[in-house]
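Now for the letters of each chain:
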Amino acid sequence: EAQVTQNPRYLITVTGKKLTVTCSQNMNHEYMSWYRQDPGLGLRQIYYSMNVEVTDKGDVPEGYKVSRKEKRNFPLILESPSPNQTSLYFCASSLSISGQNTEAFFGQGTRLTVV
Amino acid sequence: AQSVTQLGSHVSVSEGALVLLRCNYSSSVPPYLFWYVQYPNQGLQLLLKYTTGATLVKGINGFEAEFKKSETSFHLTKPSAHMSDAAEYFCAVSDLRSGGGADGLTFGKGTHLIIQP
Chain A
134 EAQVTQNPRY LITVTGKKLT VTCSQNMNHE YMSWYRQDPG LGLRQIYYSM NVEVTDKGDV
194 PEGYKVSRKE KRNFPLILES PSPNQTSLYF CASSLSISGQ NTEAFFGQGT RLTVV
Chain B
-19 AQSVTQLGSH VSVSEGALVL LRCNYSSSVP PYLFWYVQYP NQGLQLLLKY TTGATLVKGI
41 NGFEAEFKKS ETSFHLTKPS AHMSDAAEYF CAVSDLRSGG GADGLTFGKG THLIIQP
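Protein chains in written order, with this note's numbering: chain A, 134 to 248; chain B, -19 to 97.
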């Protein structure tokens, strides 16, 4: 089954303790992206990647890191989490078809609470 | 730069009534437009999209949306609401380069649809 898998689904952590949220897709997609969803703000893009070893900042990258060592995986790293990073996080992936329409597939989400 | 405005953070309708969720966009070039639905504790699911051609687009679950260039709008409608339609709905815009891919979507703030029995 084609899917984007995020882990964990729920995480409660303390301020300053490094954490990683994993994202994996099995559709051989080139594009992957991380969003955070906050009440009243919708989804905002954190980072995206257009292929292996190619990443770029989205609208709200501060406090986050990503890596793309393999095509299928795109982990989100919080080196020193703070309470303002408490949010619902989504990973998405899509094919690279320049100039033509494609579709983004989303993971189930990771609800992170930083205390 | 692109932006999306969804009017009304919460919309409440009675079961069986018309659903109308409003979306206006701003883009310097003709965009691709999308509606996504998010059910409780779920990820986002594509409802429908407009790319080119017919401006009235039909999606899943009986929803449809009409692209009106002169009004820069892409409102989502459903003739008769069902209890199972209760969810969060997001309008999104993408430019032609990314075509709706995971790299180039800009989302509105979302509208929570409440269905009254």
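Hint data in this document are derived by calculation from the structure and do not stem from the laboratory.
Treat the hints with care, since some could be wrong.
[To be verified] Cut-off 30 Å, straight-line C-alpha distance, at most; resulting in silico cross-link-like pairs (DSSO-like, lysine-lysine):
hint : chain 1 : residue 1 : chain 2 : residue 2
1    : A       : Lys190    : B       : Lys38
2    : A       : Lys190    : A       : Lys202
3    : B       : Lys89     : A       : Lys198
[Unchecked claim] To give an idea of the interface, some chain B residues facing chain A are shown, with a C-beta separation under 10 Å as derived from the structure:
hint : residue
4    : Gln(-14)
5    : Gly(-12)
6    : Ser(-8)
7    : Tyr5
8    : Gln18
9    : Leu24
10   : Gln25
11   : Leu26
12   : Lys29
13   : Gly42
14   : Phe43
15   : Phe70
16   : Gly81
17   : Gly84
18   : Leu85
19   : Phe87
Glycine residues also receive a C-beta, built at the ideal position from the N, C-alpha and C atoms.
Contradicted hints - numbers only: Numbers 1, 5, 6, 7, 13 and 14 - these are the hints that the structure violates, sorted from lowest upward.
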